[in-house]
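**Q** For reference, the chains in residue letters:
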Amino acid sequence: QQPVQSPQAVILREGEDAVINCSSSKALYSVHWYRQKHGEAPVFLMILLKGGEQKGHEKISASFNEKKQQSSLYLTASQLSYSGTYFCGTENFGNEKLTFGTGTRLTIIP
Amino acid sequence: DTAVSQTPKYLVTQMGNDKSIKCEQNLGHDTMYWYKQDSKKFLKIMFSYNNKELIINETVPNRFSPKSPDKAHLNLHINSLELGDSAVYFCASSQVRGGGGQFFGPGTRLTVL
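These protein sequence lines map, in sequence, to chains L and S. Per this note's numbering, the very first residue in the first sequence carries number 1205; after that it's consecutive. Per this note's numbering, the very first residue in the second sequence carries number 1085; after that it's consecutive.
Just so you know, the hints here were simulated from the structure itself, not pulled from any lab data. Note that the Cβ used here is the ideal one computed from N, Cα and C, for glycine as well. Hints are not guaranteed to be accurate.
As the list claims (entries may be wrong) - Here are some, though not all, of the chain L residues that point toward chain S, as calculated from beta-carbon distances under 10 Å:
no. : residue
1   : Gln1205
2   : Gln1206
3   : Val1208
4   : His1236
5   : Gly1243
6   : Glu1244
7   : Val1247
8   : Phe1248
9   : Ile1251
10  : Gly1255
11  : Tyr1286
12  : Phe1304
13  : Thr1306
14  : Gly1307
15  : Thr1311
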């Protein structure tokens, strides 16, 4: 079951903040976040496993709600290097398969 | 040192041909994957191996056959290539079977003419 990711695309100026959402109709085992730049491979950012968890990586952080059905990725004070397509990937209980969302294309302009 | 490597990076071939893509990881991971990313950037899992054992086999045509000679290698052989097989194929690996971050190879862009 593919997670629903929103928005589909975001355009920001350098220094602005963005939030990308990923939701599922069922409780998840885990949610992953990846960034893919044009012509490159997806790069792992972080994984969230516990309900209510918040995790940070420099100015990029993510949360996983208590019901484990919704995750958000927060990009603060965005930099040009943050441009790319962000994917969430979700794992269901009892199923080791990672299912990716449709992606959010983030463009940062100077 | 490259963590997950794939060869070739580009593959252009005619319909009906058979081709292989090779993947190697030097991260010591137990689990490896093949993903297909289509022109709309949708990333979909095809196969997964854990320590040479096939654990995920999605609805993929029989023309696709993965092989894992050891836990550091996962190859993908495709028979009778079709136009719809054109895509970027990514190999990935993870340390933990289910629940671990995945590390992707650079991808193989397959174009079927």
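**Q** Check each numbered hint against the structure and report the violated ones by number, ascending.
**A** 1, 3, 10, 11, 15
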